[in-house]
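Spelled out from the first residue to the last, the chains are:
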Amino acid sequence: MNYGAIFWIVVYLISTVLFFVVAGIITFVGLMDLKFLTRGRKIQADKSDN
Amino acid sequence: MNFTLFDWAILFLYLAFSVFIGIRAKKYVEDMEAYFVAGRRVRVALGSATLIATEIGIVTFMYLGEIGYLTGFSSFVLGVIGAVAFLIIGKTGFIVSRLRKLKVITIPEFYELRYSKGVRLLGAIILFMGGVLNMGVFLKFDGLFLGEVMGFGVSRDVLFIIMTVMLIIVISYTVLGGMFSVIITDFMQFIVLSFGMFITTFFILKSVNLSDVAHAVLNYYGEEGINPVLNSRFGWKFLLWMLIASVTTSGLWQPVTSKSLSAEDEIVGRKIFTYTGLTLAGRYMIPMFWGVCALSVFGPSVNSQIAMPKLIAHVVPTGFLGLLVAGMLAASMSTYSAYLLAWSSVATRDIIQPLFKKDLGEKGSINATRVVAVLIGLYLLFFGLFYEIPTTAFQYIAVTGAMYTSGAFGCVAGGLYWKKANSTGAYVALIAGAVFPLVFLILSLFKNFIPETLHFLLDVNLSGFLSFILASIGMVVGSILSGKTNPPKEINFEK
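From first to last, the protein sequence lines are chains B and D.
Start counting at 1 in the first sequence, then tack on 1401, and there's your number in the working numbering.
Start counting at 1 in the second sequence, then tack on 39, and there's your number in the working numbering.
It is worth saying that the hints were derived from the structure and are not from the lab.
Idealized CB from N, CA, C, for every residue including glycine.
There's no promise every hint is true.
Within a straight-line C-alpha distance of at most 20 Å, the following computed DMTMM-like cross-link-like pairs (lysine to aspartate or glutamate) qualify [claimed, not checked]:
no.	chain 1	residue 1	chain 2	residue 2
1	B	1436	D	303
2	B	1436	D	304
3	D	396	D	151
Covered stretches of chain B, as calculated for chain D (at least 3 residues, CB under 8 Å) [what the hints assert, rightly or not]:
no.	stretch
4	1403 to 1409
5	1426 to 1438
Pulled out of the complex, with its shape left as it was, chain B reads as follows (with noise of 0.2 Å):
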């Protein structure tokens, strides 16, 4: 096989990995961000109708 078909190749396969490892990483404590701007939002809500 041509060497610069292999590097992109090569190029290819650790660009996937890493948008799915970084994608799952991103998932998990996005979750937990996610929690903390609905939140924060129901107590300035809630104390403005007070």
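Knowing the structure of chain B, use the given hints to seat chain D on it.
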């Protein structure tokens, strides 16, 4: 028809759940800052997920798949360039950190702070035009993809129905919940689209042999399929343009920048870019590789726009197609919602309000944004159905983006980092940046009537590249020549 009852059930449940969540998010919107930038309470992981989801849509899969099919492995260089650009911004905070410090909601607001109301209006008009032209082809490509994968074909009636249903769903939650809806649904869509990408990649890798794919590229394209500089669709002009455009667009494209402007602070804003940068090469190369595999399976004579979806319909088993289409729809909906909100907020805050010289108030501003979002939706439907793009979808998206980003780069980078930048330089940069892409788009409608000597104006790579160069020169020359008669305005970043 490739869809089974099971696929339809998954798709229906997913769409209903999206609308439910998006509309529920309306309860969090109490003021303008909540509507436009989610109260600036977005943290790193959530911001990164929504930014990735915004920048992935069916249209991105389509144009990246098309460019992979047409240029082989050479296209992968674009993923590397994109990743480098985001990582540079994440590391240095170039543009986004200072904009976040100034607490602006849209980029044209910065033009008024640093230059004048006139620059804000002109910048907003060019941004809006470039933005909606850029977005104009999204729906069409979504329709093509879904028609092909679901097995409806690509007739205009089918496209119309698919496009209308998608628009109604997205508009309904975007106009009601603003940035809160966008972020919450984007996050959910990010999970679904990552899963959809995983499934597709799994089935494609299972059905092809990497060595056959490499041989197909070499066989059909030779060195051009491996070396982007030698590739006739790319070449050094295109690569240079992409490098400049990637750094500038990442920091200046309103739907992207608004995510860092929604961040808790400027450090979080930068980290969002770094995390997104880590995934960027993958998000480009995954659909590009699907396109390259389509080349290996079908050969080079299939319609390049539908080669990749044709492959997906070919390799992904029914039963999984519902999940895949839900993932792809998730990707598109997150893009539409962010883009609709971005362009409608620019139109309301930076064009309508200054033109009528009247403060619409918080409620009026939000309602006007909702009306504009609906109007943009209608435009997308008709433009998508009837406009034929003059080049590859990737290059069309890049050149319409350049209409705004070239001038904006001169104005924003000059305004943030060069004390001598003034409003004259800003006007020249905005106009010079928009001219070449606009000339390209207009002339390409009449290309049969253009004399041979002017054919260089039909080179999409040249017009994109020159627009950046001219806009930067325009800012520098305009500001220096008029510096004495029109002294620059100063802004304080530390307050």
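* **8 Å C-beta test of the stretch 1403 to 1409 of chain B against chain D, three or more residues** => holds (count 5)
* Given the proposed pairing of residue 1436 (chain B) with residue 304 (chain D), does the C-alpha separation stay at or below 20 Å? -> holds (18 Å)
* Asked: Is residue 396 (chain D) close enough to residue 151 (chain D), meaning Cα to Cα at most 20 Å?
  -> holds (14 Å)
* residue 1436 (chain B) paired with residue 303 (chain D) [C-alpha distance capped at 20 Å] -> With a Cα-Cα distance of about 14 Å, the restraint between residue 1436 (chain B) and residue 303 (chain D) holds, given a limit of 20 Å.
* Asked: Holds or violated: the stretch 1426 to 1438 of chain B covered by chain D, criterion of 3 or more residues with Cβ-Cβ distance under 8 Å?
  -> holds (count 11)
The structure fails none of the hints (numbered hints given earlier).
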